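Participant: Line by line, the protein sequences are chains L and C.
Residues 1 to 255, numbered by my numbering, are exactly what the first sequence covers, in order.
Residues 256 to 516, numbered by my numbering, are exactly what the second sequence covers, in order.
Not one of these hints is a red herring.
Covered by chain C, according to a simulated footprint, are these stretches of chain L (three or more residues, beta-carbon under 8 angstroms):
1) 15-23
2) 92-105
3) 108-115
4) 196-210
5) 228-239
The hints are simulated quantities; they were obtained by calculation from the structure and are not laboratory data.
From a predicted model like this one, the values you see are computed outputs, not experimental measurements.
For glycine and all other residues, C-beta sits at the position ideal for the given N, C-alpha and C.
Spelled out, the chains give:
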Amino acid sequence: MNARAVTSDVLLGIVPIALVIALWQAIAAFGYAPASLLPAPGLVFTRLARQLVTSEFQYEIGVTLFRLFAGFSIAVVLGVGIGLAAAVNPAVNSVVRPIVRVLAPLPKVALYPALLLLLGFDHASKITLVAADALFPILLATYYGASMVEQKLIWSAMAAGTPRRQILFKVVLPAAVPSILTGCRIGLVISCIVVFLAEMITSTDGLGHLLVTAARTFQAVDMFVPLITISLLGLILNGLLEGLRTYLLRGFPEV
Amino acid sequence: MIKVRAILSRLAPLFACIGLLGIWQVASLILNTDSFPSALDAIRAIPSILGDKEALINILASLRRMAVGFSIAVAVSIPLGLLMGRSRGVASFFNPLLMVIYPVPKAALMPIIMLWLGVGDIAKTLVIFLGVSLPVIYHGFQGAKAVEEKMLWSGAAMGLSAAQRMVRIVLPAALPEILTGCRTGLVLALITMVTSEMIARQSGAGNILFNALDMGQYDTVFAMIIIIGAMGIGLDAAFENMRERLVRWSEPRFDLPLSFS
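Take these sequences, add in the hints, and give me the full structure.
Facilitator: Okay, here's the thing in C-alpha cells:
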C-alpha cells in the first residue's frame with residue numbers, strides 16, 4: 001500500500017462522518033427539528049468543551065473510568081487465567097466448557113437487579129456487572145489462542161530442555177498473546193457500554209447518570225454531551241490498546 | 256462407550272445449569288436475607304408470571320420487537336458487510352464511521368430516540384436494529400475479505416457477472432463467518448431489548464423485571480432473570496443448531512461462540 005492510497009482512503013473515510021455532521025447541522029439550522037429535540041452540533045460541541053474543563057464533569061468521568069477499569073481488570077485476570085487453564089488442563093476444560101456455554105449467551109444486564117440486591121447500589125454491583133460482561137470475550141479468545149498453539153513449538157521447547165511447568169508461561173502464553181489482545185479489545189468496548197448502562201439504571205454519579213438527569217429535565221444538549229464523551233473515551237482507550245498491541249507484538253509476523 | 260461419552264457431552268450444559276442453580280440455592284440458604292430468595296422460590300414464581308395473561312403479552316411483545324429489529328438488521332448488514340469486504344472503496348468509506356459508532360452504548364441512545372419517536376415500538380425496534388447491525392456488518396466484512404481470489408477469477412472466467420459472483424461465490428464462502436456474527440447479534444438483540452425496555456418503562460420483559468425490583472417483589476425479580484436467561488440460552492442453542500446444518504461443509508468449528516462483542 002503506497003502513501004497516496006492511504007491518504008485517499010483516509011479522505012474517503014472522513015466523507016461519511018462529515019456528511020452525518022452536515023446533515024445534523026442542516027436539520028437543526030433549517031428548523032426541521034426544534035432545538036429542544038435536536039440541538040445544533042456546534043452547540044453540543046461547545047457545551048462539551050466547556051464541560052470538560054469543569055471539575056464536576058471531570059469527577060463524573062473519573063468515577064466512570066474507575067468502575068470501567070476495575071471491572072475490566074478483573075475480567076482480564078479471570079478471563080486469561082481460566083482460559084489458559086481450560087486450554088491446558090482437560091479436567092478444567094470439561095468443567096469450564098459447559099458452564100461457559102450456559103453463561104456466555106445469558107444477557108448479563110438482566111443479572112443487574114440481582115447484583116443490586118446482593119451487593120448494594122454502590123461501586124461493587126456496577127464493577128461486577130462490567131467484569132461479568134467483559135469476561136467471556138476475553139476468556140474465549142484466550143482459550144482459542146492457547147489451544148491453537150502449534151504442537152511443534154511445545155515439542156521444540158521441551159527438546160531444548162524447558163521444564164514442563166515453564167512451558168505454559170514461556171511458550172503457550174506468548175503464542176496466545178495476539179488472540180488475547182483481540183479479546184481484550186472486544187472486552188474493553190463492552191466495558192464502556194456496560195458501565196454507562198449500569199450508571200443509567202441506578203446511580204448517583206458517573207456519565208450515565210448525567211444522561212439520565214438530562215433526559216428527565218429534557219435538556220437535549222446535556223443528553224448528547226455524556227454520550228459523545230463515552231464514545232470518545234471508547235475511541236481513546238481503543239487507540240491506547242492498539243498502541244500496546246503494536247508494542248507487544250513487534251516481533252510477531254504480520255498481525 | 257463412545258455413545259455414552261457423546262450423550263454426556265450433549266448433556267453437559269444441562270448439568271452446568273443444574274450445578275449453577277444448586278450453588279445459588281446453597282448461597283441463598285447461607286446468606287438467608289429477604290432480598291435473595293432461594294433458587295427454588297424463584298423457580299416456583301415462574302408459573303405465576305407465565306400464567307398471568309398481561310405478563311405473557313408483554314414478554315411476547317418483547318420477543319416480537321426483537322425478531323423485527325434483528326431481521327431488519329440482518330437484511331441490511333449482510334449486503335453492506337459483503338460489499339465492504341469486496342470493495343476497498345466501500346470499506347474505507349464506511350469503516351471510520353462504524354469505528355466511531357462502535358463504542359456508543361446503543362441502548363443509551365434510547366432517551367434521545369424517545370424524544371424523537373416516542374416510547375412506542377418504533378423507538379425500541381430501532382435501538383435493537385442499531386445494536387445488532389454492527390457485529391453482523393463486521394463479520395460479513397471479515398468473511399467476504401477472506402474469500403479466495405481464485406474462486407472469483409474462475410467464476411468470472413465462466414461468465415458470471417459481478418452481482419452473480421457476489422451471490423453465488425462470496426455469500427456462501429462468507430456464510431460461516433456471517434452466521435457467527437448473527438449469533439453475536441442475537442445475544443446483543445436480547446441485551447438491547449431488556450435495556451431499552453428498562454429505560455422506557457412501558458411494556459415488555461425488561462419492564463416487568465425492573466418494576467418488580469422497584470416494588471420489592473424479589474421472587475419475581477429472580478424469576479424474570481431465569482426467564483430472560485433461559486430465552487438467551489434457548490435462542491443461542493436454536494441458532495447454533497441451525498448454523499450447524501447450514502454450514503456443515505465448512506471446517507469443523509468450536510462449539511463455543513467465538514466472539515461476544
